[in-house]
Amino acid sequence: MEPRDQGLTASAARARRAGWSRHLRLWQLIVPAVVFLGVYFVVPLGMLFYFSVHAPGVSGLTLANFRRVISDAFLVQTLALSVRLSLEVTAITLVLGFPLAYLYTRLGTGWRLAILFVTLLPLLTSAVVRSFAWIVILGKQGLVNAALLGSGLVDAPVKLLFTLDGVRMALAQVQLPFMLLPLINAMEQLDPSLEQAAVSLGASQARAFFKVTVPLSVPGVVAGAILSFALTISAFITPAMVGGGAFTVMPTLIYQSAIVTLDWATASTTALILLIVAVVVVWGGMAAARRYAYGPGSV
Amino acid sequence: METPLTRRSVLVVGTAIALAAATRAAAQAKEIVANTYGGGWEAGHRAGIAQPLEKRGIKVTLVSMLAAELVARTKAAAGGRPPVDVALVDDGPFLLAVKEGVFQQLPMDRIPNAKRVYAKYRPKEPFGVPIGASQIGIAYNAKKLKTRPASWADLWNPEYKGRLGLSTPASTLGTVTLLTLARLRGGNEANVEPGFEAVKSLLSSVSSIQAVPANLRTLLERGEIDIAPMWHHDSTIVKMKGTGVDFVLPKDGGIAGLAWLAITKGANTEIALEYLNQGLDPDSQKLMAGAPSYIGPVIEGVEVAPELRGIVPATPADLERLKTLDWPKINEQRADWIARWNREIKV
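Chains as they are written, first to last, in this note's numbering: chain A, 1 to 299; chain B, 300 to 646.
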């Protein structure tokens, strides 16, 4: 035995005596993740913060960038649109994903694989390719308009491409798996006998579903909603390509400052504001969900 | 481990390290990374520059990266290893990068072919060499539109309503389009107001505004737009696919855009200089001027195929008609133009 290992054993023994050896060993498990996030997340975030509190011609820390960016009405308007769009897309994925997840837990292996495959498929292509596909589907001569015109439902092509509706559809498609997977995970852990018990005690199927299954799936809804919201509010390529100049979202502004005009102070400040607002929205949503699921009135 | 450090083991390890370092240096000396804009640009640079260099034992890696992104990444990597040794950038980003100090000053005497460059295209400061010339004109689908546009003013033709595509000034094409329309109405680099007025009065004709000009190509092929201000090479690529798309050089003239090759600080300078010199070689320039790149040569005496004459700017007469822009002046205001476009221009 190397002396080093003996030392480790000895310290582990001491730790056990102190009663936290379990924690120590668990701690070692997350070291790689902590180091990875530290290098690739915390450090860049720190740099972002650094750029946002320094301004040219000002020595020391300053809030000038924040004052300048926030006082811009257009930015506030864009921020509001980004938040609204992300909430709407999250709502769409929830409305589509919840029944799908419920169905999933009640189907056989073959159907389950089919559902997973079809919903995960869009993730296998890049955002650019996916956006081109939406251009093919939603365009004037696209699949949807061809079907509508062919069936005689409309006389002229419906404008779907280069609209906010088109962007909502395109984003909901790619965020759906991020909602579906946590939902499936949460629902699979539910004991089906809970719903059966509610029914045998006189609740209708629907009442049992809404009073038992839905509240118990809230952890899955929260996890799915956070992922869907966060990915939508940072989406950049799809809103630009499928939106086609109909509107501006926050990531577009950040890209323009960071990449095109190299104004990193504005880019960092805008990015931090978006981050703060996103965190507040997510936190608020989590608090509301917790109240709904566990608070007074839900029992 | 009970091996004591002996002089011999130190020597062995030291030699191994020195050897490894030398091998790496040698390997590095024969390797180079350069960016292109992908598509026709990559094909042209591969045939015209990378392959001749590879015959001389130099390994060339071409990566696909647009100019603005390249400059931002190079700035972010300042002091460390740059993302590329040789950068392909167009006018605006080129000057921005020079201002940011991420490109090396070039020993022009080490790039003998630079003497061949047209006087009109020569750099004012020795931070890069031009590699290709582009001109902006109007691409339109002759199968779907009855009237062939002849001048910029024809963009307002009611027949084109709902069929026009534009790009935002976040791209070079969008910036040049804005200035072209400004000039049409008496504006210039110092007064872009008429350009914004012109774009606003065009909005009822616009189907889509794209941030990346290459997307306009796809929209044109898909029939989502049928007419758009576009670079001659992008238009020619779509035309050659037999889509019915044709390129018109408006009678009020085209505006030139130059693509530059520059060497980043921290690059493999020796090989990078060879890359630049190879790019200005007459054979290389001829290769890049043909299919599928259609990049205008920047040196005198390169012939282009008969069907490309007048489209790919090559002869002194072509150059005579091309207008150049005051990019230092544009760069000063570009952020404001982009911000204003975001606010005021909505389809």
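Hints listed in this document are in silico derivations from the structure and should not be mistaken for laboratory results. Computed from a predicted model, the values in this text were never measured in an experiment. C-beta atoms are modelled at their ideal positions from N, C-alpha and C, and glycine is treated no differently. There could be a bad hint or two in this list.
Some chain B residues flagged as far from chain A (calculated, every beta-carbon gap over 12 Å) [claimed, not checked]: (1) Ala367; (2) Leu369; (3) Lys398; (4) Arg447; (5) Leu465; (6) Glu492; (7) Glu523; (8) Arg633; (9) Asp635.
Pairs of lysine-lysine residues, derived as PhoX-like cross-links and limited to a Cα-Cα distance of at most 20 Å, are as follows [unchecked claim]: (10) B:Lys622 - B:Lys419; (11) B:Lys460 - A:Lys140; (12) B:Lys445 - B:Lys550; (13) B:Lys460 - B:Lys329; (14) B:Lys645 - B:Lys499; (15) B:Lys622 - A:Lys140; (16) A:Lys140 - B:Lys442; (17) B:Lys329 - B:Lys358; (18) B:Lys443 - B:Lys460; (19) A:Lys159 - B:Lys445; (20) B:Lys540 - B:Lys354; (21) A:Lys159 - B:Lys414; (22) B:Lys414 - B:Lys585; (23) B:Lys423 - B:Lys445; (24) B:Lys622 - B:Lys423.
Checklist entry - Which numbered hints are broken by the structure, listed smallest first? => result 1, 2, 3, 5, 7, 8, 9, 13, 15, 19, 20, 21 and 23
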